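Trainee: Spelled out from the first residue to the last, the chains are:
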Amino acid sequence: MRRGMANVAPPLLLALVFLGVWEIYVDIKGVDPLLLPAPHAMFAEIWDNAGLLWSNFAITAKEVVFGLSLALVGGFAMAVAIHLWTPMRRAVYPHTVGSQAIPIAVIAAPLCFWWGFGIFPKLVVIALICFFPVVVTTVDGLAAVDPDQRKLLRTLDASRWQAFRFGELPAALPAALSGARIALAVGVIGAFIAETSTPSTGPYAGLGREITSDLTALQTPRAYAATAVLFVFAIVCFYALTIAERKLSPWSSQRRGEIH
Amino acid sequence: MQTQLKPRESPTHEPRDPHASVCLDSVSRAYVDRRGRAVPALADVSLRAARGSVLAVVGPSGCGKTTLLELICGLQRPDGGTIACEPAVLMPQRDLLLPWLNALENAVLALRIAGAPRAQARARGAALFAELGLGGFEQARPHELSGGMRQRVAFVRTLLSGKPVLCLDEPFGALDAITRLEMQGWLTNALAREPRTVVLVTHDVEEAIVLADRVAVLSPRPGRVAAELTVDLPRLPPSMAGPRSPTDPTVVALREQAMRTLAESRVA
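Protein sequences, first through last, are from chains A and B.
Here the first sequence is numbered in my numbering, starting from 1 and rising by one per residue.
Here the second sequence is numbered in my numbering, starting from 261 and rising by one per residue.
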């Protein structure tokens, strides 16, 4: 319990200081709330629009979770293929880098043409934005396996597949999970990009849509309220992934624990 | 046991000498360094290890001892000469226990690789753990074990590969003197219970003589066999198995002889 407090108190304190400075600045300078609303106005919007924000949050959260899962599975599979098969590395690796330069708006139209206005094209956009860090960290993790360990597995007569399964795969897992955390950090903004670049049907279209429509409707405080929700959501996801990492690769967090 | 071993791309096949597990005839091996020059590691090395015996290889660092073991295990090919060995397994200098497996799972890795079901592999490993005084450490993670314990687990892993020849690369090199003595006793005991042909590489002359039946002294790079000494002391029965006393007059004399050979080969 005390440890929980020690983890939560410092970031909370920092947030309070930041919000305080922000509030005072807006107050003293008399900044137009259309440009930069005061924190109290933002919180008032959260309070008044809790239902609306929650409904939109549910959409965005679903997109992030599924889009990220798609990126993790796809990125990991691609990394394994790149690692095991040299022609694949030569052919595909440069293009994965190039894919990160594609503005989503350019490909939004065909995505919707193929998959409609539902959630799936949005998942594809998020996965496209998120898969890259997973691929890079996993490929590096797989390649960084101790050469002596490979030799050991060879002397124990391990086949290529067994060397991968007993040696490389678990050795690369911590790196892959680090990639997943980076992917998550871009995944939330990825959801924003996905929502704003592809059309949706239905009453709620997610927080990203909410933010852009609030901004055009001169409802700036509400856009800030939605942004605050995204901010907290990213933090929660990050820690959820850290806990998952501790469960999946206890040896790496234990070793890290020794160093500190 | 031998029938389930897969043939490898190595030149290992049944030795021509029926009593020897390991036969090396005028083996040479060179490396290509970064500038593309050939650096000889071993030159004209001929060695025999009789079945069930311990052959120690001593020499200064960089004399190609590790190369020798990798050649015997088929991890490298010789540039010249012939190698005829029974299937051999390498126990590398570092224990290389996999951090994501516990001690028992690490020890039975070879059984799992050979396709044994998890429960059956664990049962065999647990029996050997109990026999070799490792009982109670099955669930320990490698980072929780001391250096000596890690080497023991690594040795059990090597034993369980089921191969008749064990190549031990400075197994106690990284241990403190007290643990090393303890480990020498433990190894002798383990080998008395699980007899194998052992090629033991070490830079410690005394360790070689108290543990081995024969000692090959290698010269500095490129490694050549400068002398081969037979440790002519009776083996104790398994019940009393242990390393020889370092103060035994025969051991002392052999140690002198080996040291002199090492010094001479360095000058030459």
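A portion of the hints provided could be inaccurate.
Pairwise CB distance ranges, derived in the manner of DEER restraints [claimed, not checked]:
| no. | chain 1 | residue 1 | chain 2 | residue 2 | range |
| --- | --- | --- | --- | --- | --- |
| 1 | B | GLN380 | A | THR86 | 47 to 55 Å |
| 2 | A | PHE231 | B | ASP293 | 41 to 49 Å |
| 3 | B | HIS403 | A | TYR239 | 57 to 65 Å |
| 4 | B | GLN399 | A | TYR239 | 46 to 54 Å |
| 5 | B | ALA383 | A | ARG89 | 20 to 28 Å |
| 6 | A | LEU16 | B | GLN380 | 34 to 42 Å |
| 7 | B | ARG337 | A | TRP115 | 53 to 61 Å |
| 8 | A | ARG89 | B | ARG384 | 47 to 55 Å |
| 9 | A | LYS247 | B | PRO300 | 46 to 54 Å |
| 10 | A | ARG89 | B | ASP492 | 54 to 62 Å |
Covered stretches of chain B, going by a simulated chain A footprint (3 or more residues, C-beta under 8 Å) [to be verified]:
| no. | stretch |
| --- | --- |
| 11 | 357 to 365 |
| 12 | 442 to 452 |
Calculated from the structure, these hints are not laboratory results.
All values derive from a computational prediction rather than experimental measurement.
For every residue, glycine included, the Cβ atom is placed at its ideal position computed from N, Cα and C.
Trainee: Give me the numbers of the hints this structure contradicts, sorted from smallest to largest.
Mentor: 1, 2, 3, 4, 5, 6, 8, 12
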